[in-house]
Amino acid sequence: GNSVTQMEGPVTLSEEAFLTINCTYTATGYPSLFWYVQYPGEGLQLLLKATKADDKGSNKGFEATYRKETTSFHLEKGSVQVSDSAVYFCALSDGNYGQNFVFGPGTRLSVLP
Amino acid sequence: NAGVTQTPKFRVLKTGQSMTLLCAQDMNHEYMYWYRQDPGMGLRLIHYSVGEGTTAKGEVPDGYNVSRLKKQNFLLGLESAAPSQTSVYFCASSYGRGSTDTQYFGPGTRLTVL
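Residue numbers (my numbering), protein chains in the order written: chain A, 1 to 113; chain B, 1 to 114.
No lab work stands behind these hints, which were simulated from the structure alone. Mixed in with the good hints there might be a few duds.
Subject to a maximum C-alpha distance of 30 Å in a straight line, what follows is the list of computed DSSO-like cross-link-like pairs (lysine-lysine) [to be verified]: (1) Lys9(B) with Lys57(B); (2) Lys70(B) with Lys9(B); (3) Lys77(A) with Lys56(A); (4) Lys60(A) with Lys9(B); (5) Lys56(A) with Lys68(A); (6) Lys52(A) with Lys57(B).
What you are looking at is a predicted structure, and each value in this text was computed from that prediction instead of being measured.
Take these sequences, add in the hints, and give me the full structure.
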């Protein structure tokens, strides 16, 4: 079946540091890929998505590129802020199974001033 | 436009008690979902609905029932709560069934079963 693997956290960075959170997936067909963010005490919010190979999703300074050859969708940001502290979830959706969303376990990011 | 709302935000139950969680969305979405979130396990799909009057099982449906009597509401019921159902429950909705459709999430319900 489909699955998503994320790097284990927690990740602790200083403000203005470079961020990478690795995400790899296993899927049949051609899934869409998503990054969701969960701030403390809140539900998940869509951060960015990519729907086909080589697409780059971007939002709020975050970027991720859909790499079919390496089955990866790594999240990056050039300069993190304290307000980026949250849990980040990588997910995929395979339309062949209806709305079959599969989420990774999440990576907790803490950014220190 | 409130998006997706959930009621209640917190609840404590004793083993064997029953309760219903309510999810409401005002975006006219066809698809609605219930997930549970447990530490280190991401989100797991409990049940979902592809339209008013329909429901289907997800990955972890045992011990839960759902109903979608109105398009905007999706109810999750626990008939006889167990400690293993202690979790944070999230409702979500989406417009369509395509793989590109974004899911919109509610703020969550934290349930503790003693």
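Hints, verified against the model:
For a cut-off of 30 Å, the pair hint linking lysine 9(B) to lysine 57(B) stands: about 24 Å separates their Cα positions. Distance hint between lysine 70(B) and lysine 9(B) is fulfilled; the C-alpha atoms sit about 21 Å from each other, no more than 30 Å. Using a Cα cut-off of 30 Å, the hinted pair lysine 77(A) and lysine 56(A) holds, with the two alpha carbons roughly 13 Å apart. At most 30 Å may separate the alpha-carbon atoms for a hinted pair to count; lysine 60(A) and lysine 9(B) meet this at roughly 29 Å.
The suggested pairing of lysine 56(A) with lysine 68(A) holds, with an alpha-carbon distance near 12 Å, which does not exceed 30 Å. With a CA separation close to 28 Å, the supplied pair lysine 52(A) and lysine 57(B) stays within the 30 Å bound.
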